[in-house]
Amino acid sequence: MIFVDSNVPMYIVGTPHPNQDRAAALVDEIIDSGEALITSVEVYQEILHRYTSIRRPQSINDAFNVIDGLVGAVLSYKMTEIRAARALLATVPGLSARDALHVAVMRTVDCSRVFSFDAGFDSCPGIERIS
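Residue 902 is where the sequence shown starts when you use the working numbering, and the numbers rise one by one after that.
The reader is advised that the hints may include incorrect statements.
Said to hold, decoys possible - The following label-pair restraints were derived from C-beta to C-beta distances:
| hint | residue 1 | residue 2 | range |
| --- | --- | --- | --- |
| 1 | 1024 | 983 | 16 to 24 angstroms |
| 2 | 1020 | 916 | 19 to 27 angstroms |
| 3 | 934 | 990 | 15 to 23 angstroms |
| 4 | 962 | 991 | 35 to 43 angstroms |
| 5 | 962 | 1026 | 32 to 40 angstroms |
Calculated directly from the structure, the hints in this document are not laboratory data.
Cβ atoms here follow ideal geometry from the backbone N, Cα and C, with glycine treated the same way.
Hey, can you work out the whole structure from these sequences and the hints?
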């Protein structure tokens, strides 16, 4: 099982970027491997926030379509995960608040791999980043 981070669909549908081709190639590889892909509602919120903040609301649908086509499950979170994220932030230097929340959600389903170009995940014990 692999958690898909928000930067994957955003690189795929975004303006030209060095990670764009790599993201698309990895999507193909992961799909071919038959691995289950998951994400969370927070990833969708990150897409909404990013494209609204850079005044590209038309890209929201494109990014949503990519992630909708990739994942088989969209996880939610409650205060348990918020508190787990808080604990991670207190013990894992370099982990952002959003990444801590992703890790907390991932751990609720025993997921230890994340498809992301965000190196912040590398500091989190037990998490393997695919990029």
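Right, here's what the structure says about each hint:
A beta carbon spacing of about 20 angstroms between residue 1024 and residue 983 agrees with the range 16 to 24 angstroms that was offered as a hint. Separation of residue 1020 from residue 916 is about 21 angstroms and conforms to the stated range, judged on CB atoms against 19 to 27 angstroms. Our hint of 15 to 23 angstroms for residue 934 and residue 990 is violated, since their Cβ atoms are close to 32 angstroms apart. At roughly 37 angstroms, the beta carbons of residue 962 and residue 991 sit within the given window of 35 to 43 angstroms.
In this structure, residue 962 and residue 1026 meet the distance hint of 32 to 40 angstroms, their C-beta atoms being roughly 37 angstroms apart.
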